[in-house]
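In the order they appear, the protein sequences are chains A and B. Residue 483, in full-length UniProt numbering, is where the first sequence stops; the numbers in between run on with no holes. Residue 483, in full-length UniProt numbering, is where the second sequence stops; the numbers in between run on with no holes.
One or more of the hints may lead you astray.
Put simply, identical chains are the same to the list, so a pair is met inside one copy or across any two.
Taking lysine-lysine pairs in the BS3-like style, the calculated list, with each CA pair at most 27 Å apart, reads [as the list claims (entries may be wrong)]:
no.	residue 1	residue 2
1	Lys-114	Lys-56
2	Lys-372	Lys-439
3	Lys-29	Lys-239
4	Lys-239	Lys-473
5	Lys-415	Lys-292
6	Lys-56	Lys-96
7	Lys-414	Lys-299
8	Lys-139	Lys-108
9	Lys-440	Lys-150
10	Lys-150	Lys-81
11	Lys-399	Lys-433
12	Lys-236	Lys-372
13	Lys-422	Lys-74
14	Lys-108	Lys-81
15	Lys-74	Lys-33
16	Lys-53	Lys-443
17	Lys-108	Lys-96
18	Lys-372	Lys-473
19	Lys-108	Lys-468
20	Lys-399	Lys-369
Simulated from the structure, these hints should not be mistaken for lab results.
2 protein chains.
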Amino acid sequence: MAEEAAVRAQAETVRRLKQDKADPDEIAKEVAKLLDMKAQLGADEGKQKFVLKTPKGTRDFGPKEMAIRERAFKAIISCFKRHGAEVIDTPVFELKETLTGKYGEDSKLIYDLKDQGGELLSLRYDLTVPFARYLAMNKITNIKRYHIAKVYRRDNPAMTRGRYREFYQCDFDIAGQFDPMIPDAECLKIVHEILSDLQLGDFVIKVNDRRILDGMFAVCGVPDSKFRSICSSVDKLDKVAWEEVRSEMVGEKGLSPEAADRIGEYVQLHGGLELIERLLQDPKLSQNKLAKEGLGDMKLLFEYLTLFGITGKISFDLSLARGLDYYTGVIFEAVLLQQENEHVEEPVSVGSVAGGGRYDGLVGMFDPKGRKVPCVGVSIGIERIFSILEQRLEASEEKIRTTETQVLVASAQKKLLEERLKLISELWDAGIKAEMLYKKNPKLLNQLQYCEDTGIPLVAIVGEQELKDGVVKLRIVATREEV
Amino acid sequence: MAEEAAVRAQAETVRRLKQDKADPDEIAKEVAKLLDMKAQLGADEGKQKFVLKTPKGTRDFGPKEMAIRERAFKAIISCFKRHGAEVIDTPVFELKETLTGKYGEDSKLIYDLKDQGGELLSLRYDLTVPFARYLAMNKITNIKRYHIAKVYRRDNPAMTRGRYREFYQCDFDIAGQFDPMIPDAECLKIVHEILSDLQLGDFVIKVNDRRILDGMFAVCGVPDSKFRSICSSVDKLDKVAWEEVRSEMVGEKGLSPEAADRIGEYVQLHGGLELIERLLQDPKLSQNKLAKEGLGDMKLLFEYLTLFGITGKISFDLSLARGLDYYTGVIFEAVLLQQENEHVEEPVSVGSVAGGGRYDGLVGMFDPKGRKVPCVGVSIGIERIFSILEQRLEASEEKIRTTETQVLVASAQKKLLEERLKLISELWDAGIKAEMLYKKNPKLLNQLQYCEDTGIPLVAIVGEQELKDGVVKLRIVATREEV
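Next comes chain A alone, as it looks inside the complex (with noise of 0.2 Å):
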């Protein structure tokens, strides 16, 4: 069969690319491919070939990994209510045209579902758009909330990376007419506890604001119909150096060398309170209406994150420009500086591990008659974080428990099968956590091997002499005493 050949063809480029160790993202890319092929030819050969996996840029999560994730979403959610914010959940498809026109170029990114007669349906993006449809449809002006679910994007996976098709992403929004940049500062702030409590190691959180940006571009003579895809160029400089920007400006998108050079000047700028001092006098841009303000408020957050004490982890940077379309205001994001742990042999490259910004036109996108609610709000990037916290783990020598079982109710002899169960029954309903073994008669020193393997601190054990003198025997796993 022709396909046949196409996969061992395929099988044979994967081969290649792994004894010529090749970029490790280009192997993922033909691997994926190759399966893709597998599960196609499989798909029409019936079930024999049926390929047993989970979809692409998916995974499962077993008892370890959800013991894991539990430990970091714990950390997150006190955060959270620490701030006071309710929370909140809503569907994992939205209608199709609720998603429209909100992610720009990201857009492609989105999970259709299949026309099955009914409504038009797309898994959600990211929650922030969910959030805004809301507010409107619910018309609330105020409210403070955190939700923490999964998102989609049909994006190329780097799993190792913690890069995923489906991922979680754990936001925090407050939305409502407030005084200027008080809420703005409560999620710098959120960044910053999260991050040092989930000890991760150093960070830097970048700030900017969206209004800087474009008195930048205007002043530097970028048309106001390119601010936005100029926009997207400047956002894919944590990833690629200046002169390849400067080109797709130029060739790509058709800017001017002279603008693009005037714009390479500023994103390379970054610092504090004193840049945002010197920008105010800044011939240019002090005379731009947007980047006075921006720079305004800009100056106001700082002064807010001098009170929280926690501007050693700020910095100002023009270079910020964040991909998606709505943000309005200040934007952030999150970075991990440098490997955290020694131990770990092949460091992983994390990059951003939390985002956010202003976006105060969003829920009028979605009011009948447009009214606008100010939302601030941030996401934290947990799959990432999952990445290096699984990690350390497997570095480390701690071995996690992934049941909190208390006790087993075990037995010395045989045939005790139903004084085993009646006591079970006994220990579930006075609320202990309690295990014993499905087996009618098991050996006793099975039963303790399964203590010592799944970490349970004592067992009950039920025997002909106890029961005689209407005692249990309760036995510490660890050091074997009895009482």
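Given chain A, put chain B in place with the hints provided.
Just chain B now, kept in the frame of chain A:
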């Protein structure tokens, strides 16, 4: 436009049905049709006619609903943990072929994703099939796990009764080769514990066995090829009368009237141990190998349930069939017996709130070599439980808090924003749940009102005099006491 005329006609239909106080289900169906037509019209005419809603059969959970939901989850999870379960998670979608051939007549309700290139995907229909896929893929032969997640069914929603297209399932399953009926009994114990703990009123857990059903079909003269389809008919007995089921068997499914009548005699039987003993003596049934096996195990199950002390709520019921194809042994379903709360004006009809059974063949369907892993599990129908808890809370005067904030940082005079920011930052860093109003100069009365509204018990008041003295005034909202 023709479409607009159609929408108007549909709106008129809905109006008329409402006026005539027609069957709520019919009204709901026509309203859904109207909304679909409107949505279609909106899409055709651009943004202006955009319908602001969640997809059909789905809903948002606001802070209040989430508080109720989390209470219920807490009770369920603590029960699962008490029984020593680990936790896993799987992707929301699976390869389409993973779900193929597992659900019998219900397969038409599966949501498919649009073919956007690459793999063909479907949203999960339950948590059982992904669990079996997970076991086979990771070659796990022995696990006790729970999984709480959303599943998706393109069913006709009846949202007031807790039937949705997106809904949570709370599953607990025991996989592995064990001595008979011990894990099965534990599943029933778990249902008993959870329903008692949630105080949902009186309930009964119906129990049967697929082998008893199949044996019964055989001795009644049902041809082998009709077993599954006649089983589907029997499954409807909890909703429709025997006469209707009988005519479906004889009419649509082509069963002989005599065979149907023989089935009719069996399916009205329900009871406890004495019924099992009687059927073990039944001249026809006791000759059938399958039925005999099933009845023997049922007897053992009842012995274990007696040791657990829960037979009072268990009914061996020959009319229980369960719709899904994959069950192979014990099956069960818990139903609430009556509306427990007399204060509720319109009682919700809730029906089944938990169900499950033994499926020894499912994992083998995924294993390339067909290796079987026996499994038994239970699924808690949490949406119906939510409906009851929500109604009950609405009827009661109880006010639920949606945040956990302990203290509001307030100021008595103007111009104290900086001091408030400093103080709240210190509280957060000390792990205290604190909020403040996002205003430069909030009025004290507004700040106290906010505490009353949201149930914050304490206010920390910053004032000129206190600043001079280096202290903060702490006020208990309820009693107005100050320290």
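Going through the hints against the structure:
no.	hint	in the structure
1	Lys-114 / Lys-56	both (18 Å within a copy, 15 Å between copies)
2	Lys-372 / Lys-439	between (64 Å within a copy, 19 Å between copies)
3	Lys-29 / Lys-239	within (19 Å within a copy, 52 Å between copies)
4	Lys-239 / Lys-473	neither (63 Å within a copy, 51 Å between copies)
5	Lys-415 / Lys-292	between (84 Å within a copy, 25 Å between copies)
6	Lys-56 / Lys-96	both (22 Å within a copy, 13 Å between copies)
7	Lys-414 / Lys-299	between (77 Å within a copy, 21 Å between copies)
8	Lys-139 / Lys-108	neither (30 Å within a copy, 37 Å between copies)
9	Lys-440 / Lys-150	neither (43 Å within a copy, 37 Å between copies)
10	Lys-150 / Lys-81	both (20 Å within a copy, 24 Å between copies)
11	Lys-399 / Lys-433	within (20 Å within a copy, 32 Å between copies)
12	Lys-236 / Lys-372	neither (30 Å within a copy, 51 Å between copies)
13	Lys-422 / Lys-74	between (36 Å within a copy, 26 Å between copies)
14	Lys-108 / Lys-81	neither (35 Å within a copy, 42 Å between copies)
15	Lys-74 / Lys-33	neither (37 Å within a copy, 43 Å between copies)
16	Lys-53 / Lys-443	neither (37 Å within a copy, 60 Å between copies)
17	Lys-108 / Lys-96	both (13 Å within a copy, 22 Å between copies)
18	Lys-372 / Lys-473	neither (68 Å within a copy, 37 Å between copies)
19	Lys-108 / Lys-468	neither (73 Å within a copy, 60 Å between copies)
20	Lys-399 / Lys-369	neither (57 Å within a copy, 33 Å between copies)
In terms of the numbered hints stated before, the structure departs from hints 4, 8, 9, 12, 14, 15, 16, 18, 19 and 20, listed from lowest to highest.
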